[in-house]
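*Asks:* Under the numbering used here, the letters of the sequence shown match residues 223 to 518, in that order.
These aren't lab readings, by the way, just hints derived from the structure by calculation. One thing to keep in mind: the hints can contain errors.
Pairs of lysine-lysine, DSSO-like flavour, derived with a Cα cap of 30 Å [claimed, not checked]:
id	residue 1	residue 2
1	Lys-311	Lys-330
2	Lys-438	Lys-417
3	Lys-376	Lys-417
4	Lys-461	Lys-438
5	Lys-329	Lys-311
6	Lys-329	Lys-503
Pair ranges (Cβ atoms, derived) [what the hints assert, rightly or not]:
id	residue 1	residue 2	range
7	Ala-448	Asp-286	31 to 37 Å
8	Lys-376	Val-293	23 to 29 Å
9	Thr-341	Asp-407	29 to 35 Å
None of the values given here were measured: they were computed from a predicted structure. Glycine included, every Cβ here is placed at the ideal spot set by N, Cα and C.
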Amino acid sequence: MKKQEWFRLLRRLPALAVIFLAAFLMLLPCPSWAEPATPAQEDDNQPRLRSLALANEIWLGDFDQLLEKRVIRVLVPQSRTLYLIVRGKEQGLIGDMVREFERTLNKKYARKLKKRPLTVVIIPRTRDLLLGDVARGLGDIAAGDITVTEERLKTVDFAAPPDLPGVSEILVAGPSSPAVGAIDDLAGKTVHVRKASSYYESLTLLNNRLIREHRKPVNIILVPDALEDEDLMEMLQAKIFDFTVVDDWMASLWAEVLPGITVRDDIVLRSKGRIGWAIRKNSPRLEAEILDFYRI
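With these hints in hand, go ahead and build the complete structure from the sequences.
*Replies:* Following this line, the structure appears as structure tokens:
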């Protein structure tokens, strides 16, 4: 998927194209790192998994230093929507975006790079490690539907294009969930989310208000940070728990193939959220390159 197509997808969500995308994602086989593709399965149009051996070295510095090294490390969550590896090939929205970013930089700096092209290495991480590893120098960018929050800005900066549509964090219910008419009806209810999510921050803010009003707080149950939004919505459909919180576009996408869940876009925990790529503090050159890439 080209960058322009990805932007159009974001701006049209939810739309019929997203329904087809969701259906396609649900039909994908489980990721396989060890199973090689046979010659009959090869597809030159699909990005191949990069086989660049990288030690867990700490690299710091802005874009100029990364360009000199010829390597940019992008940390991503492993997600059927955003990034996954199928038969040795990268797939997913973020995977496509990162590869387009790599092509753009190599074309832009071809004269300087000469015969040593820049390689963008995608490194899967659980969400609890994404931002901290970027700050420590174990990655240079973290990408993966990451909402800009005040708490996260204490650790990293964000390259967040201002013209992208804002996202809302909304309640998603399962087939046997108790009735909830408004956001305050979540008082005393149980909601499952990852701690390393902006959803947890939003629920915490809601609880602070409920406690000030002498009401029962939401019972927040933390799930492993390796679980992605689509995993939690599948668990909702299976009646493992009653509620979770998900970005509106992701909930609308997966609701088309998980008919047992109910997307409550009338119960909003955060509105007009900004999504961006996280970078280390004091990296203005890298931020400028990312924003220039979005504007092309």
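*Asks:* Tell me the hint numbers this structure goes against, listed in increasing order.
*Replies:* 9
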